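Protein chains: 2
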Amino acid sequence: MSEENTQEPALSGNLLVAQSGGATSVVNATLAGVIEEALNHEDEIVEIYGGRNGIQGILNEDFIALDSETQQTVRGLHQTPGAALGTCRFQLRPQDHERLLQVFAAHNIRFFIYIGGNDSQDTAAKIDELAKERGYALRVIGVPKTIDNDIAVTDHCPGYGSAVKHIAATVREMALDNLSIAQHNFVSILEVMGRNTGWLAAGATLAKRRNALLEDAPHLVLLPEVEFNQQAFVEAVQNVLRKQKFCFVVVSEGVKDADGNYLGANATNIDEFGHPVLGGAGEHLLRLVEENIAGVKVRASKLGIAQRAAARFASKTDVDEAVLVGRAAVKFAVAGETGKMVVLVRDDLAGGPSGYAVKTDLVPLDEVAKVVKPFPAAWIGSDDKFSVGFQFTKYATPLIQGENPVAYEGGLPKYAYLSGARVERKLERYDTLR
Amino acid sequence: MSEENTQEPALSGNLLVAQSGGATSVVNATLAGVIEEALNHEDEIVEIYGGRNGIQGILNEDFIALDSETQQTVRGLHQTPGAALGTCRFQLRPQDHERLLQVFAAHNIRFFIYIGGNDSQDTAAKIDELAKERGYALRVIGVPKTIDNDIAVTDHCPGYGSAVKHIAATVREMALDNLSIAQHNFVSILEVMGRNTGWLAAGATLAKRRNALLEDAPHLVLLPEVEFNQQAFVEAVQNVLRKQKFCFVVVSEGVKDADGNYLGANATNIDEFGHPVLGGAGEHLLRLVEENIAGVKVRASKLGIAQRAAARFASKTDVDEAVLVGRAAVKFAVAGETGKMVVLVRDDLAGGPSGYAVKTDLVPLDEVAKVVKPFPAAWIGSDDKFSVGFQFTKYATPLIQGENPVAYEGGLPKYAYLSGARVERKLERYDTLR
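In order, the protein sequences belong to chains W and A. Using the working numbering, you'd call the opening residue of the first sequence number 1 and step up by one each time. Using the working numbering, you'd call the opening residue of the second sequence number 1 and step up by one each time.
By construction, these hints were calculated from the structure, which means they are not laboratory data. Every value quoted in this text rests on a predicted model; they were computed, and no experiment measured them. Warning: the hint list may mix true and false statements.
What the hints assert, rightly or not - Taking lysine-lysine pairs in the BS3-like style, the calculated list, with each CA pair at most 25 Å apart, reads:
1. W:K414 - A:K394
2. A:K414 - W:K394
3. A:K208 - A:K243
4. W:K331 - W:K359
Unchecked claim - Stretch by stretch, here's where chain A covers chain W in the computed footprint (C-beta under 8 Å, at least three residues):
5. 70 to 84
6. 394 to 404
Cβ atoms here follow ideal geometry from the backbone N, Cα and C, with glycine treated the same way.
Hey, can you work out the whole structure from these sequences and the hints?
Right under this line is the structure:
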């Protein structure tokens, strides 16, 4: 689908952009792309508003005037982690529908760009349907964002490449440190994110150098797509230790046992959606190794939030694509598209010497809303299920190429902070917690 | 003490360098400095040997020929984390003394450079005494190395600046991510290393921007030098949350309660020296906050090994000083010094526009061996003990200045791996585990 073919009537009004779900290293680069492109369409786009804390803030008319931010700040967003507008994990309820359209109408919002994961695309889809139902002229475009890389249709998700680059570099560095002390049997366990899918854990395998030697970490990778088998895991660790006395394990926080329980998750620790709070998989494996293998030293680490916030080590490819999808969203909206999400399409024929290039396209929101894209079964090692195949390396290697230089002040990265000039409220306050 | 004043007779033979204790981002830069400087002294230094796994490998004659490594590899050591020679935590026993001198004599070792922390300086001191006792002509120079910054006399320790730079940048990045979702009361806890001292945890405070706003993380810093008081901690968190709904806590793994127990340490998990394996302080505080403060979301992270291995984000100042102390060790040894450790002396008068410069000097090994330098009591906040004063900021800021560019291949840092050509054994094998 290309932007020239639309027959929609010209629309003019304000653009509202918001961020939703967990942050990534590059979700602000997408925001910058939206702002920068919106400035190119002054016939259609009058003001550029940022909605604070996603749809939850929008219901409360919590808007800031993005066109009043300095150019320096917008440029700084290309390298700033976190989600500068704030995010939410709020689900739009039937009783919010009327209010939402009131807010949009009161501020003459005609273009709505929602940057988020598969849950957020569902919210965007609902808003699009709602506007159509009520006859309110609105163009809604979703933009993918997640380190988990689990959004359907798009070749990959902005945020993923930078997270993988950081994880793989960290594995390489930790392994060098581990090897310093690995005179005897040593097991190093690193827990990474990925509640439902193994894309991030698989990404750690990029740490293996070309023509990987046997001892190149990581040696075992545990994905949520593979049911955890304690005996197979212990045997796999023993096999690696027999060969080289050092075993580096990467485990996704979302790995489950045969009963469907998350490894090490505490059943009493439940988040606001009733999901268990994860993050015990690494410690669980540590205890398993200690209890089942004699004479071994084990250490477990957990990257946590740092793996999605290390913008000083973002992938240039990822940053560029994050900007690209933001700009594309605005172009598509102005061209008359609505109810769709921007996707990245790998364009092998257009690739330069590296053989890699992408272009943007659109997909209907209801094809991606709430859909989770698993790690392909065919890419999981057929023998032991603790490795991934060359198909993954070929897929993921282009996504971590290039470094994104960040500015420094006083020896630390200088990140951008929005001044956040508030847009005046036009309606009564509204309590989303009611 | 300067290198020109010595009256020692000229000595000629082989140089042996080894690394001991936990690795840092820059302990290989020190190794590179030793190799590069040794090549300048061909009248005195015949061969350059690397001892694998510290004194433990040396007793086993486990030597590699460092002069046969390529220039590219040695240059690569300036940016490679881990300890390329391997390390040990082995204590020299009386029954090893005879063997040690046999090994040194068999390989005509006349210069011995030991890179390590305060325990390792004790080993260096013993070797120096032993050689003197037995009339074996040997020059022993210790070189400081530790991310903990707890070695006495030296102004600071190579390895510390890079660890602090990484920790402070990570705090700044995590806080940006945390703030994205911190609509309600949110507590973020980051556990850092530092078994005995709070230098690393204090370093996190550099993340506060100049003219720090109230909301600048970290808000509370817990050092091992301050006895943990549960009530004071909970109240401090509540105070921060009342002001801004977001509280970022940095805790050293070495914090102890009034009974002298490490927070969250598992009494059944003891390492080979009988020390408890630490690393539960963050999780312990998480549970405390959840149990004592209603309506709050808490997340805990632990940087682990990554904080001492992130060479792609090393401080240029730290790398340069790591090389400097390595070179100085060789110069001092060739000039006739022995039984001493290289120290960094802050040279305020020589400082350029930044007001910061260092020079090297020597201190007798027995003044630093096994001595732990605590974080100064006068630099700890007098009111709540959860902050550090401007004196620390002034002290530590110069140590994190500058970035050390690393080479990349395939999107990841390209680190150096020693080819490790073995030096032929001359003696019978020796079992250090006997």
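Taking the hints in turn, this is what the structure says about them:
At most 25 Å may separate the alpha-carbon atoms for a hinted pair to count; K414 of chain W and K394 of chain A meet this at roughly 19 Å. Proposed proximity of K414 of chain A and K394 of chain W is supported: the alpha carbons are some 19 Å apart, at most 25 Å. Between the alpha carbons of K208 of chain A and K243 of chain A the distance comes to roughly 17 Å, so the proposed pair stays at or under 25 Å and holds. Distance check on the hinted pair: K331 of chain W and K359 of chain W sit about 14 Å apart at the alpha-carbon level, within 25 Å; holds.
Counting residues of the segment 70 to 84 of chain W whose beta carbon lies closer than 8 Å to any beta carbon of chain A gives 5, which meets the minimum of three for the stated coverage. With a threshold of 8 Å between beta carbons, the proposed coverage of the segment 394 to 404 of chain W by chain A holds, since 5 of its residues qualify and at least three are required.
No hint from the list above goes unmet by this structure.
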